[in-house]
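For the protein sequence lines, the chains are A and B, in the order given.
For the first sequence, numbering that gives the first Met the number 0 assigns the number 0 to the initial residue and increments by one for each residue that follows.
For the second sequence, numbering that gives the first Met the number 0 assigns the number 0 to the initial residue and increments by one for each residue that follows.
Warning: the hint list may mix true and false statements.
Pairs involving identical chains hold if they fit within one copy or between any two copies, as the list cannot separate such chains.
[Claimed, not checked] Straight-line C-alpha distance at most 25 Å; calculated SDA-like pairs for lysine to any residue:
#1 K1 - A53
#2 K1 - L143
#3 K1 - E54
#4 K1 - C95
#5 K1 - L52
#6 K1 - L165
Derived from the structure by calculation, the hints contain no laboratory data.
Protein chains: 2
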Amino acid sequence: MKPSRRIARDLLHLADHGALGTLLAGEPAQPFVTVMPFAPDADSAPVFLASGLAEHTRNLDLDARASLLLQADLPGEAGGVLAQTRMTLIGEARRCEPEAALIARFLRYQPDAERYLALGDFGFFRFHPRRARLIGGFGSMGWLDAAAILSPASLSPESEAGLLRLPSMRAAPGFIVLGVDGEGVDLRRDGRRERHHFAASLDPGRAEVQLVALLGTIG
Amino acid sequence: MKPSRRIARDLLHLADHGALGTLLAGEPAQPFVTVMPFAPDADSAPVFLASGLAEHTRNLDLDARASLLLQADLPGEAGGVLAQTRMTLIGEARRCEPEAALIARFLRYQPDAERYLALGDFGFFRFHPRRARLIGGFGSMGWLDAAAILSPASLSPESEAGLLRLPSMRAAPGFIVLGVDGEGVDLRRDGRRERHHFAASLDPGRAEVQLVALLGTIG
Numbered sequence: 000m001k002p003s004r005r006i007a008r009d010l011l012h013l014a015d016h017g018a019l020g021t022l023l024a025g026e027p028a029q030p031f032v033t034v035m036p037f038a039p040d041a042d043s044a045p046v047f048l049a050s051g052l053a054e055h056t057r058n059l060d061l062d063a064r065a066s067l068l069l070q071a072d073l074p075g076e077a078g079g080v081l082a083q084t085r086m087t088l089i090g091e092a093r094r095c096e097p098e099a100a101l102i103a104r105f106l107r108y109q110p111d112a113e114r115y116l117a118l119g120d121f122g123f124f125r126f127h128p129r130r131a132r133l134i135g136g137f138g139s140m141g142w143l144d145a146a147a148i149l150s151p152a153s154l155s156p157e158s159e160a161g162l163l164r165l166p167s168m169r170a171a172p173g174f175i176v177l178g179v180d181g182e183g184v185d186l187r188r189d190g191r192r193e194r195h196h197f198a199a200s201l202d203p204g205r206a207e208v209q210l211v212a213l214l215g216t217i218g
Numbered sequence: 000m001k002p003s004r005r006i007a008r009d010l011l012h013l014a015d016h017g018a019l020g021t022l023l024a025g026e027p028a029q030p031f032v033t034v035m036p037f038a039p040d041a042d043s044a045p046v047f048l049a050s051g052l053a054e055h056t057r058n059l060d061l062d063a064r065a066s067l068l069l070q071a072d073l074p075g076e077a078g079g080v081l082a083q084t085r086m087t088l089i090g091e092a093r094r095c096e097p098e099a100a101l102i103a104r105f106l107r108y109q110p111d112a113e114r115y116l117a118l119g120d121f122g123f124f125r126f127h128p129r130r131a132r133l134i135g136g137f138g139s140m141g142w143l144d145a146a147a148i149l150s151p152a153s154l155s156p157e158s159e160a161g162l163l164r165l166p167s168m169r170a171a172p173g174f175i176v177l178g179v180d181g182e183g184v185d186l187r188r189d190g191r192r193e194r195h196h197f198a199a200s201l202d203p204g205r206a207e208v209q210l211v212a213l214l215g216t217i218g
């Protein structure tokens, strides 16, 4: 995997929230930026839950064009905000109706959203990236296309849920597994999100063995 | 001062950086969000330094319409990112040519920018807010107009620089004064920015007395 692609995908999995840019309803071409918690779906596209009362929801219902800025404290980064790796996605954010297993995955990454879901007036959106601008610190930058950002799902949300229910998964000490995908596993430990990569891409027929082996290396 | 106005102004002074929304050059009405460190100028409008190589700079030179999302860890706030106070400014970001005293003020707030200034290919922009959407935690939200966001400068950057050079300012222990305005003083302590408010608005004729009195209360 090219380094830039690895970084892009790590950001999609490690960032708890992004800054969502939409077009303000009623004002021609006026950008409008809001805070947006999200979770990566099975192919790593950001999925989020938006209030029917929020400006960005009204904006997206009128014009789906959007941008999402992602930033995460990657290991080994220090200094000001401009020294940190970040990525700007551009594309469209459209309403979606996730299946139950994807909603469960979303809530593992975003447990606070449970109370919003209970309110009823919230709906799911999926961000469909077309391109991304990746900046890996000062002077290192470039564009990525959608194929370099997303990864075809190796595991459906149902298969992932089945894996996470296996008895061999119960032993995981000191962390909570949030999600499993073809390239790695996301977990929360001491309140922080971590991503750990499989040595070889996930083979769905050997997923349990690979997953248990990877989790065994996390100390 | 209305509580919402006080919060808006605190955010402008306490946020180290924002998420800047612009319109991507060459793509009609495509939002594009990037990280932007800034500092409040004498009337609290955000001023920032942008690279000639950056997308947002090219975007703003073609269309000044922009948005700036501000968020700061205000005292007493806990919980997820949606529980935090934040504000979305909308308006225009236009190039400006700050006087030397304003550049010095900017560098007190953003010392890392010194090396960018030295590179030469950077220019200053000023964000001219037209309106702002303020969200003070879940369920508390409203619009503010420009008059409620900005405050006419009580002190010019030169007068501020004169105040900061006074012998009575030398004693300040344990913190660095970043800026003084009609309503308060911003400082950096233990790597964090703080804002402290004057009991009564600054009277330029008594500024030194008021400032020394306020700094004396900071322990």
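Hints and how they fare:
no. : hint      : verdict
1   : K1 - A53  : between (38 Å within a copy, 23 Å between copies)
2   : K1 - L143 : within (11 Å within a copy, 46 Å between copies)
3   : K1 - E54  : between (37 Å within a copy, 23 Å between copies)
4   : K1 - C95  : neither (31 Å within a copy, 40 Å between copies)
5   : K1 - L52  : between (41 Å within a copy, 24 Å between copies)
6   : K1 - L165 : neither (33 Å within a copy, 56 Å between copies)
Of the numbered hints given earlier, the model fails hints 4, 6; all others are met.
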